[in-house]
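In case you want the letters, here they are:
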Amino acid sequence: MIESLRVAASTYASDIDNLITLIGVLVGFWFILCEVVFFWLIWRYRAKPGVKAEYVTGEEKSQKRWITIPHLLVLVCDVFIIWGAVRVWVEVKQHLPEDATHVVRVMSQQWAWSFDHPGPDGILDTDDDIRTVDELHVQVDTPTIFKLESRDVLHSFSIPAFRLKQDAIPGRVITGWFQPNLTGTFDIQCAEICGIGHALMPARVVVESAEEHAAWIAEKSATHLASATNP
Amino acid sequence: MAQTVPSEAHGHDAHHHVETFWSKYVFSTDHKMIAKQYMFTGLAMGAIGAFFAYVFRMQLAFPGMSVPGYGMVGPNEYNMLVTNHGTIMIFWVAMPVLIAAFGNFLIPLMLGCDDMVFPRINRLSYQIFLLSAIVLICGFFVEGGGFGGAWTSYPPLSANAKYNLTPLGQSFWLVAVALEFVAFLLGGINFITTTMNSRAPGMKMTDIPMVIWMIVIASILFMVSVGPLIAGAVMLFMDQQVGTHFYDPTTGGDPILWQHLFWFFGHPEVYVVLLPAMGITADVMATFARKKLFAYRTVLYTAIGTGVLSFTVWAHHQFIAGIDPRMAHVFTITTLLISIPIAEMCFVYIATLWGGSITLTTPMLWALAFVAEFLIGGVTGIFLGASGADIYFHDTYFVLAHFHYTFFPIAIIGTYAGITYWFPKMFGRMMNDTLGKIHFWGTIIPFNLIFIPLFILGAAGQHRRIYDYSLFPELATPELQAVRVFATVSLLVMLAFQAVFIFNFVTSLRRGKKAGENPWKANTLEWSAASPPPHGNWPEGLPSVYRGPYEYAHPDREEDYWPQHLPN
Amino acid sequence: MSDEHHGESHQGEHDEHGGTHHGNYVKVWAILVVLLTISVLGPTLEIKIVTLLTAFGIAIVKAYLVAKNFMHVNVQPRFILYLMATCLVFMLLFFAGTAPDVMEKHGDNWSKLPIDPSIEYDPHDAHH
Amino acid sequence: MSARPIATTRSTAGMPTGRLAVWWVIASEIVIFGGLLGSYIMHRLNHDAWSNHAANTNVYIGTFNTLVLLTSSLSAVLAHKAADAQDGPKAARFLFLTMLGGATFVVVKAFEWRMEIHHGFTITANTFWSFYYTAAGLHALHVIAGVIIMGIVAQQAKKNLELHRVELIGVYWHFVDVVWIFLFPLLYIAK
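Residue numbers (the numbering used here), protein chains in the order written: chain W, -19 to 211; chain G, 32 to 599; chain A, 3 to 130; chain B, 54 to 244.
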């Protein structure tokens, strides 16, 4: 359902979309069923002159059946949904890819994003790191780990195209991951109200092929001293 | 003692009934007057909330345009508008109208009492509520403008003026909310004790009309859940004005703590306003389907079960807010479990129609609409309760549309069902049914046309509380903008149709057809009193109860209704 | 809500019923004072477990004594006791749901940044 | 003093309406203090350093105040006993004793705080002291409110009016006492 509205550009995007579709099918069935029965009853039992309503307490088993059985079926559907939700959640939020070498730091503040990329040495927190503002550069088909921090208030690091969202909390470092599988440029939004400039902190994530990314690093690290000395 | 009651009632009518304007309308301890005060205050606040919605919807549809009747909307004003729209609609409309107004009006009448058990505490509760509303409104105009940190008011943004830039607005907002809580604690004690202790002779617990049960369960939920938030509000106020660091991580505080304190109250709060609306719907549907409520006990138990479960699900509002990911599993399971009692309630309501004799009066239309629309709100909630799917939907317009599909049926549809149903009892006259139906369709159709588009925007990844999407290339597309404009236009249509209701209400007050004691041929006790009931409700002596509230179409009786107070 | 006492029981507020039988309150008070002394002396031994037992164990005992003998919970209708218990259970629930975030320094894929020790240890920097 | 509605004199639930209401008030108070103390305990267990701060609280003053509150609870319950014996004046005397206890508690606390603030342990010193002042302050407000209400009740009791209220204010007072019974170890003796 979602792909048609927002391109799916990360490996787990399709899992989340499938979960949404699963839920959509299950609840859609119940929703349509209920509404159809509901409106049919309204039409079927409309007041007719001289016809008195039936006296149904709904306390006898034979009558209760009509709600207890559907109600057990709903429970079954819930189990399926829980199973799907837990699976996706574990994959997206709990398991970090072991082979992930690419680590970036995402620092949020009122009202801008700054991103620390590892420099040519490929290691974060060395003095050849590349810091950019409001523009994150990552390599396609590469599992990327981000360390999310905030300087002041709550922000939320959200890339709809990746189906990625995680609040940034001052005083905490939150680790997450994504693996883009489409090159291109996608929106980064702040999804947690963070003051007057909440709408004014847009950022972009640039997903590049390996060689483009290497070229970008090389070009940036030529000037990395400048960017490193005045963060 | 059957004789003592009237004399008592008289004694007390006689000796404090010099009615001046002030004692009758302002400082009255009569539960019916307090109910009307709550209702009109709530509806007035509702008008403010609706105006705010109009302003920011206009800004979203036509960014940067000067909104007629308001002017240019800056980002800080936008935040202030959305924040207070939410705060007002939940705390100053849904709660006062659904719980306080209908609770005050119905509980003594439906239980056969002459008044609440603590009339003066009742009056005090309204006065504190009024004060809270005034404080809130004052907060819009103080130096620095009104608070704009969203109705959830997450710190550190809300805890420090250097972040939210509203040094006074933040505290006015907080104090107003705290006062409002105090008002409802006082009111809630009244509702609960009255229902527990003062039921009419012969009224067993299963003879209590469902709407009373629901209001009382809601009051209990409120009293038991609001405490942590009051404590949290005290801490937040200290952070704002004294300079403590309860929510400041740099000094050992924790911003997440507030989110837990808030949502531990905030989720039961959803059911605090939902249950009374459910109860109103149950009574209205039973009356106009001429049908006994299907499985009364089941409804009661599911309501209680929902109430208890609602204390175990709060963190599903925080899935991606930085809580430990392992906790998400617990709250996903509890959240999906709570769909069971709610689904059961909906089934019961549908089953109640079975074999009925349904007349589509205005109140009945509203009641049926409540069920039909609330189902949408219910099923879309599943997407958000499932942690995996919430990763995408959290804080998008999908969430917004979802909870408007719950809160609109609750606060607006439920309220209109209640007002149109009990208007004859409140004011002694009937409302115009034709105008009522015009107003109904003019509200329901645009309502769906507002929020179905917002589901689409949310599914497209549009986030909330952003006053202008032009900076986000993915969201600034003409297609999505067209959807926003469509939603806004629908809103304008819906607001326009509310004029019909106001006109109908005002004219019916004076020129409406005189309503007898029991215009709807309903069973519950309030219809055995005069319309409108005098002070003391039954001056000739309080009624006794002989049967349940929903004995419609009983085989042993040729009329299709059997009022509770008739011996046979 | 219990269903006994149907209809108008016109005693109500005016005469005290509900079987409040008054025990020897001074004795209870004496016990409370003794317990208080123990709870103060216990921690001076500087043994963690003793501290917890005396300080909090005794607090619970004291609360029980006050609730039973002074507030007469035991002679109230049962639902009062259940109500109080429910409130406490909900508080435990709140604690259980909140502690994994607030009471921990790090968890699954998150960790708190260290706090500035000057603020943590020196109470004398009163202002910022 | 308007006439009491008939509704107030009913008791379907098997207990007087006033007492029922007081228990509901206490229920809502339990969750207020529960939320505050729960938050405090979480922080306390998360910050080992806080026991150093707690070491700066004055156990003797705390103990004395606990003793005062326990004693005032005794006089409150004796007032209840007297009220049950329909002896209004005696009940009033005991209530005045209780008020005296409450007043002592507040005054002592004021001196204690003054001393601590003088040593630089202000409410903003760090989050332990923030909790210390907030929790104790919230409790002190309950004490003050209790004393005021008790004054009104005592005035009526003296004239043998509304004697049932003696028990109601007593129950509230014992609750305030119980809260302190837990605050005392949490803030003072747990090191």
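Be aware that one or more of the hints could be misleading.
Stated by the list, open to error - Result set (DSS-like, lysine-lysine): computed pairs, CA atoms no more than 30 Å apart in a straight line:
hint, chain 1, residue 1, chain 2, residue 2
1, G, K545, W, K32
2, B, K134, A, K70
3, W, K127, A, K70
4, G, K552, G, K468
5, G, K552, W, K44
6, A, K29, B, K211
7, G, K468, G, K544
8, A, K29, B, K143
9, W, K44, G, K235
10, B, K211, A, K50
11, B, K244, A, K107
12, A, K70, G, K193
13, A, K70, B, K162
14, W, K41, G, K235
15, B, K143, B, K244
16, B, K162, A, K29
17, G, K468, W, K32
18, A, K70, B, K211
19, B, K162, A, K50
20, G, K552, W, K32
21, A, K29, B, K134
22, B, K244, B, K134
23, B, K162, A, K107
24, G, K193, W, K32
25, A, K29, A, K107
26, G, K552, W, K28
27, G, K544, G, K55
28, A, K107, A, K70
29, W, K127, A, K114
30, G, K193, A, K107
31, A, K114, B, K244
32, W, K28, G, K545
33, W, K28, G, K235
34, W, K32, G, K544
35, G, K67, G, K544
36, W, K28, G, K67
37, G, K552, G, K67
38, W, K127, G, K193
Worth flagging that the hints you see were computed from the coordinates, not collected in a lab.
- Message: Holds or violated: A/K107 and A/K70, Cα atoms, limit 30 Å.
- Response: violated (40 Å)
- Message: G/K193 and W/K32 were given as a pair; does the straight-line alpha-carbon distance stay at or below 30 Å?
- Response: Answer violated: G/K193 to W/K32 is near 68 Å, above 30 Å.
- Are B/K143 and B/K244 close enough, with their CA atoms no more than 30 Å apart? The hint is violated at about 43 Å.
- Hinted pair B/K244 and A/K107, Cα distance within 30 Å: Judged against 30 Å, a Cα distance of about 21 Å means the pair holds.
- Are the Cα atoms of W/K127 and G/K193 separated by 30 Å or less? holds (26 Å)
- Task: Sort out whether B/K134 lies within 30 Å of A/K29, counting only the CA atoms.
- Result: holds (15 Å)
- Query: Is G/K552 close enough to W/K44, meaning Cα to Cα at most 30 Å?
  - Reply: holds (28 Å)
- Query: Given the proposed pairing of W/K127 with A/K70, does the C-alpha separation stay at or below 30 Å?
  - Reply: violated (54 Å)
- Message: Would the hint linking G/K552 and G/K468 be met if the CA-CA limit is 30 Å?
- Response: Status holds; Cα separation ~21 Å.
- Does A/K50 lie within 30 Å of B/K211 when you go C-alpha to C-alpha? Violated, because 50 Å separates the two Cα atoms, which is more than 30 Å.
- Item | Restraint check for G/K193 with A/K107, where alpha carbons must lie at most 30 Å apart | holds (27 Å)
- Given the hint that G/K552 pairs with G/K67, test it: the Cα-Cα distance must not exceed 30 Å. Distance of about 24 Å is within 30 Å: holds.
Taken one by one, the earlier hints fail for this structure at numbers 3, 10, 12, 15, 22, 23, 24, 25, 28, 33, 36, listed in ascending order.
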